[in-house]
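Enquirer: Following our numbering from start to finish, the sequence shown increments by one per residue and tops out at 498.
If you are wondering where the hints come from, they were derived from the structure by calculation, not from laboratory data. Every residue, glycine too, gets a C-beta built ideally from N, C-alpha and C. A few of these clues could be false.
[Claimed, not checked] Here are the computed lysine to any residue pairs in the SDA-like style, where the Cα-Cα straight-line distance is at most 25 Å:
(1) Lys433 x Ser477
(2) Lys465 x Ala498
(3) Lys491 x Val481
(4) Lys447 x Ser435
(5) Lys465 x Lys433
[To be verified] Between beta-carbon pairs, the in silico distance windows are:
(6) Ala487 x Leu425: 15 to 25 Å
(7) His482 x Glu438: 45 to 55 Å
(8) Ile460 x Arg437: 18 to 28 Å
(9) Glu466 x Ala498: 28 to 38 Å
(10) Lys491 x Arg450: 17 to 27 Å
(11) Glu430 x Phe493: 14 to 24 Å
(12) Ala494 x Asn441: 12 to 22 Å
(13) Tyr452 x Glu430: 18 to 28 Å
(14) Lys491 x Lys446: 20 to 30 Å
(15) Ala494 x Lys433: 40 to 50 Å
(16) Glu443 x Ala498: 40 to 50 Å
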Amino acid sequence: MLSRLLERGKTSGREDDNVESIKKRFRTYRGDTMPVIEHYAKEDKVAEIDSTASIEEVHKVASAVVNKVFAEKSA
């Protein structure tokens, strides 16, 4: 994944797409984000969506998840 992100950095316009910055983002994700995701996953409040699909498919799946949540809240 690191090599993919470094390659993306060549065209992304992000000046901070370098090895150290990417490693720091991974550490932050593991240390700060994952505990929150794990907490809410235990409460069945996390939806995993395959973001490698087409934009249209990701939008369709994400919209279905959001619509389901709002339908449950209004019921």
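Enquirer: Which numbered conditions among the earlier hints are violated in the structure presented, ordered from lowest to highest?
Expert: The structure breaks hints 5, 6, 7, 9, 10, 11, 12 and 14; every other hint is satisfied.
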